[in-house]
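Novice: Here's the letter readout for the chains.
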Amino acid sequence: MSADNDQQAREQLIDLAAQFYDQFELGEIPHMSVPTRTKNNIEYDEDKDVWVYGDRESTRSANSVRGARKLLKAVYTIEFLADQLEEDRSSTLRELYYLSESWDNDNAQFTSQDESNSLVEDLEIVSGVTREDFHMRPEESGAKVMGPLHIREQTKRGDRDIHCQLDVGQGGYQIPNNPDMIEFLDNDADFVLCVETGGMRDRLVENGFDEEYDAIVVHLGGQPARATRRLTKRFHDELGLPVVVFTDGDPWSYRIYGSVAYGSIKSAHLSEYLATPEADYIGIQPADIVEYDLPTDPLSDSDINALESELEDPRFQTDYWEEQIELQLEIGKKSEQQSLASHGLDFVTDTYLPERLDAMGVI
Amino acid sequence: MTSFQSTLGDEPGIAEELAESQQAISIAEFFEKNKHMLGFDSGARGLVTAVKEAVDNALDAAEEAGILPDIYVEIQEDGDYYRLIVEDNGPGLTKESLPKVFGKLLYGSRFHAREQSRGQQGIGISAAVLYSQLTSGKPAKITSRTEGASDAQYFELIVDTDDNEPEISVEETTTWDRPHGTRIELEMEANMRARQQLHDYIQHTAVVNPHARLELREPSSHFKFERATDQLPEETEEIRPHPHGVELGTVIKMLAATDSQTVSGFLQEEFTRVGKKTAESVIDAFRDRHYGREMRWRPPANHEAIDLEAAVTDATANKGPDATAAFAEAVQSEVASRERLAHHELLDIVDSVADTVEDDHGTTFGDTVRENAVEAVWLALIDAAPTDDSVADASGADASGTDADESRLVADLYDLADDATSTRKDDEIVQAFAVRLAGTFEDETDDDPRHRLTHRTLREYVDRAAELTEEYDDVAFGDTARENVTDAIWDVMVTVPDDPPLVRELEGDRDATSDLVDGMRATDIMAPPTRCLSPISADLIEAGLEKEFDADFYASATRDAEVHGGDPFIVEAGIAYGDDLPAEGSANVMRFANRVPLVYQRGACATTDVVKSIGWRNYGLDQPGGSGLPNGPVVIMVHVASTNVPFTSESKDAVANVPEIEDEIELAIREAARDLKSFLNKRRSMQKRRKKQNVLGTILPEMAEKVAEVTERDEPNIDDAIARIMNNVLVEREVKPNGDGKAVSVVVENNSGTNETLEITEIVSAEPTDLSDGATVVEMDGEWFVKWEAEVSSDDEAALEYVAPDDASFDLDVKGVESEKLTVKQ
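These protein sequence lines map, in sequence, to chains A and B.
UniProt numbering puts the first sequence at residues 1 to 363.
UniProt numbering puts the second sequence at residues 1 to 826.
Just to be clear, a hint being listed does not mean it is correct.
Some but not every residue of chain B turned toward chain A, in silico, with C-beta under 7 Å [claimed, not checked]:
(1) 278
(2) 702
(3) 703
(4) 716
(5) 718
(6) 721
(7) 725
(8) 787
I should point out that these hints are in silico values taken from the structure, not numbers from a laboratory.
Where a beta carbon is used, it is the ideal one built from N, C-alpha and C, also for glycine.
Chain B with its partners taken away, still in its complex shape:
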């Protein structure tokens, strides 16, 4: 039986043969085969994507040069082909860079920059060129003129897919009427089936770029989108990565690339928002993770029969009685003055005392002496001193009456555990637990008497002691209790002063680097600066929406910057409601990333997911089934601005479901939706009021008529009553004869529950005199405009008074109060 294996063995050349056919693929070739990844999957879509790439580039270029963008897009039909022309007024491209920008994939200035821009990878426009040459076989025709240049450059080029380089077929100088800018002409197989998406793209671009002027000419129609503001978006600045958002692999790469020697220097140099202090905090967090903390034990209390002085004296040899006594005494008193003491703190104490005694007594205290002293004191502290008769006896006679062979660690740990656990735990249980935990510390003494533990090891110790306690004493020692005890001990422990490794040492040490990354994440660090971002701003969002949609109401919200993956991002939302927006069907959701409209793959986008997850009924919108897109005349727009927007694919159609970004999207939408809610509530209450007014407006006159009939009197005047019923503001003109003229008073009666400010204009046909305070009069074309602004508090009255000639006529105009709340009688 022949097997594949044996065949392989028989023909030793097969691997080589296979290897011969293996070769590197050019990126251009790769995308040639995978057009869909860049959004060129069909003729319909290809056209939209090409427009999008060209317009995005044009906007970026103009903005970067501080020019208000003016972009012209034209689509011409040419047999089976379409010709796309995009012209901008940007700064133009130099002769050298132009071919590469259009004819080489992955060529750009953006990829390595942490700065908000529309394009990032440098794929888009060259991919469009690639698509054009693939489908039509014709080169891209590009004209560009830089500012101040007398002539324009004209190129015809294609992408050479074999080596991803531009292949220029025509290069000449030409004249162009634009003073500066770029024009690209692409011919491609396409169709206009995606016309709606194209219009959406252009319209949405106009909404988020209120500073840009856009023009779209199609074979059959022509659209213009004028500017809403002359204010360019603020210029962005490039920033370094933020420590909270970098991954281990990135840090390893950065460590290899940095010039810094020390970790502190590395952190300060390579990251944003890290100064000396923050770097120190990060390094402390690193130390806790890498080296562990040292346990600090309590120095012996007075009643404990531990004679540190004697221990130091015993450990110090050949230093003369005076110096030895002074040394021992000083160490003892220094130790006793501390509340708790870690091993390295003891080292410091002994060092400084030794230095002092050296100076005072002229005796040299060498390293050995110091070490001996430290060891003697430390072992006494952790009750691990060699079993010397006197010590054993002393501890046996311990005044506290504890067990003779119970370590003093037990008492220390007992107090910590007792404080940290609930009062319901029996003393004996805590005691048993403390004994076991002390046991693990004692075991540790053999390995490292300094008692250095990482948080994780400490937790393991606590777990072990707790489990044993549970097993032998048959009581519960739950997770919360364990956690509390661990935290209590961890808080007592102290960060060690060991120097962090140097950058070059870290480089090859994956574990240590991982500890550093953990430390970076655990440290509080200021949010990254936002000058790298250019949000549209709440005002301009509203301006953009107002420009493109005729609605009754606009709201917007811009969130503060947040961080994801080291990249800061800002989410903005806007809502337009009512009027001309189509009331049928579900809301129009407009998605934007870095001011670029996203028109495809709506269902795959985090933005859509968030909009669907919000309970819109709470905000007064109709939402069938209580979830999904709301119905009604609503436009919801969401803009995610980031130095690196996480897209689901290279075609940049949908924002990936990153929880941090989703949270911000939700908060931004909710912020704007709250304004919508109060608008809708107000509108509903006004509608109710109008309805009430309509009904009462018929009933009350009928009642008045009937009352008059029954009582056989004239019909009563009911305006005052109606104003009062409607909590209305009543404005009434009363005219009384006054000598030759008339005394006029315009009385404002506020029956509403709130203060009202009214602007009253009385147009009088003859000159009025004796105006009351606060009123002004202006004559225009034989008419006198009496203006008066009144603030009338709830249930109060105010009056405008003047005198006018007998033949004067009047016309009253009141502003500042909703018409539903206003009754004017004249």
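So here's chain A without its partners, still in its complex pose:
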């Protein structure tokens, strides 16, 4: 990313501090308004086809001791980020949390990492600059990609040209924290298959699924990191590849699909940048549990609560999801991806995925 870009991000941050300054000078109570980040405050943006925050705002105000501490921490963080941009360094969210210990002011120190994470999100939203542009990255890096794709990645140590099948090992290509540093050179891919669990990804790679079907297999690794989601979106938008998501058949996995396709609630301000609304859900669908006679576990109470809360989640209010979730509540069962192995190790690559992809019109 260019120095111009860094400079711009830095100015945005300092503008924020200046805003507090002006509030003081006007005799106003310093405050900062951010959209409320709950599921009740996200709405569908028809134009952009993604879910974004609604009109409800929470105000962080120095009116209370808690609010004042929050703003003090915000100012200290702004200073830290501005310095970091100036020096062209980067740090992780966890480092920020520990770094606050070194600040000279007890009141400015974070009490938990959730607090610092959420503050960085606030700053992203208010300044309109993404975390990546602040040079902040999450602790765990993005997931891995395997497939017929040739890319060039700008690294601190120069550009690297990598083929994501030929130049990588069994593990695949590691997605960098800022996937906008990647340039697509060439590809033979027909579609993108995002896989929830590492075990299933390894099964697909071992069975040579990516080669046989010209698929880019993206490992999500639970809730996908922003980088993974951003890269997936770029595959779709820039390479015109259809995206399908393959997860366990339980409510928590549907949320993983949801964050790929619709954007997550906590980063709805970046939905436009991260979400791939065209992504389709391949399975495991509750219908598959019945159709393929998969081994199951009963739904726990928390599963049922999660399913019911998904029924109220605006992101899941489509005919497809309502039908699937109601079916699942009816049968009261859930299945993992690996349960397909009950029909043999090759069943997933030889039978299940081809059948589903065919039905979805991807192949």
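Here the structure of chain A is known, so what remains is to put chain B in place on it, guided by the hints.
Specialist: Same frame as chain A, now just chain B:
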């Protein structure tokens, strides 16, 4: 075998022998043996009790004479003995009464008076004399001088316990420097172990007697308690007993003693708050209980085939057809015009009609004729007329279609019962019940056709009918239904006009007197007058507490007078909290009865019980376990003032657990505690605000500093923001050059949610001019005090403006707003 019985029989003289040794005991002798009953159970306690008795007497005496009490107490050590000296500035005692006051138990002016006073029985001070002579063998030395007397009287005396009379050993005239007053000197075996109780007694006395000056000199220390007010307690007046609080025995005694002939006169003469009307109500209530009420039945309706006119005509003989017809017609129409009719009302009707007809027709209607007419009509009304063919036929053809042999009482009672019971009861059940109840009335007819019943008898009838109904018809006829029916019938019934018995008739009639007492209790009577009581008053309680305790907060409450046992009483409570009061341990509970501190037997006292039963956590105090005495820097005082405080014993240490008094104590304490609660709440919110202010006071400047650093600007001014955050009132002086001088404006910005009134004083070192409206200026010693009072509503601003010379300096002082809420910038 010899038995005790046979021994008795053998020696016929034993009873006489025993009787010889039986003799009357003098009260003095009795108490000599039972000192503890009067509070003289130990040397330690004896001294406190003696002080208490002497001081109480002194206060009573001075107050009664309208003198502000000035009392001096001295305790001297003298070997194994202590010498107690109590001096007052009271009116003094005459030569004649003095020996009896100090040397005779149960001598006093108070015992028979219904009036609030400290002493009541006339035991206290003479008991102290008795105790002194018993333990030291020395007489009491008493000096007294009455106002205007040139000399004082000096006595040395003891109580002769054999006959409870003073025994004077020295009587002489002496000189004394006090113009009037009494001095008593007692020597007794004692110790100072109860010093704390003694101090409590004196201090507490000072609290409830803010008009008294007290001085206590001990061998090792000396205390003075000055007056907080020059206002004497209002004089009390004696009152008669209140009808609500007298017992049967008392009334019997009063009946024997009264000069009144009639009950009405007796009530009005002997009781307070009873006038002619109230006496009449009491007598009516007495009549209802003693004679019962008469049932009023409905006169026959048009459709009923009861011919009263014919009945009267039949019953009237030899009066000539015209007079008879007129009489019968008039009786009939008069009866028909009534909604309901009782027997005695019918008597009145017949009498007045007979009188009229007598006048009109010149025919005499004698008693017999009248009685016959009444009987004829009444029996027809209650359907008990002798079974005459025509009547039976008539009722058989009753248009209403009821059973031929059903009495008309049934229909009447059915309607009453139907209205009184719930709609869910079947008509048939109510009907069956009405038939049975009517049956009991019919049975009653044989005894007393007037149908006179007391409430209790009526209830028995209803119960019987209800039980039968339950038994035969197998339905529930519960207590509520029975009660409702009883009440409905009782309401229809009417008090009889019988004259109440005369006082002398009542005297020997315990039952009738009991009915009278019941009647007195059942009648609404105004609360007794309170001029017999002298409460301390809420203001003086606070003054007393403020005088003796350095606290942050004082509250008090005085309740209205209530009655217990014919004696009115008033309960007062006071609370002091915080500051110098000891924060450790439980609250200090001060108990008072008629302005006398109670220092012993705390655990036996109703006051303590009530304090313990209150949930003090609701009032913001710490109370371990949620019951018992609260903890913390609290003084709780309770004063019970009454013409007769019920004590648990003669030593008057504890108020007995009388529910009426306990209720009032609780209400009084709660009233004062509510004020304490709002004080504590306010204080807590101020503490919170102060804490918030402290925290924000560090965070916001740090934030401002950091913001300035990041934006590379000067530090911003944050006072306005802070004032706003704290919902504070911001007072800010702005100075602008104005020609040769300076234009000054002091701006008040109210950021709080309430209106604030501020008193602003600006001290200027040179003369200010052009003052804005409402401001005044006063010069003192070369300084000009600009005073300005501003009322600023929430979220509003106001400004004081003036012009001052260029070299003037200023100093700003703001009052009227809590310091936590105020930010002053100058």
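Novice: Now tell me, hint by hint, if it's right for this structure.
Specialist: Results for each hint:
1. Hint status for residue 278 of chain B relative to chain A: violated, with the closest Cβ pair at about 64 Å, above 7 Å.
2. For residue 702 of chain B, the shortest C-beta to C-beta distance to chain A is roughly 6 Å, which falls under 7 Å, so the interface hint holds.
3. Given the 7 Å rule on beta carbons, the hint for residue 703 of chain B holds: about 5 Å separates it from the nearest Cβ of chain A.
4. A distance limit of 7 Å between C-beta atoms decides the matter here; for residue 716 of chain B the minimum to chain A is near 4 Å, and the interface restraint holds.
5. Taken as an interface hint, residue 718 of chain B checks out: its beta carbon lies about 5 Å from the nearest beta carbon of chain A, inside 7 Å.
6. The interface hint given for residue 721 of chain B is met, as the beta carbon of that residue sits about 6 Å from the closest beta carbon of chain A, less than 7 Å.
7. Residue-level restraint check for residue 725 of chain B holds (minimum Cβ-Cβ distance to chain A is 5 Å; threshold 7 Å).
8. The criterion of a C-beta within 7 Å of any C-beta in chain A is not met by residue 787 of chain B, whose closest approach is roughly 28 Å, and the hint is violated.
Hint compliance for this structure: hints 1 and 8 are not met, and every other hint is.
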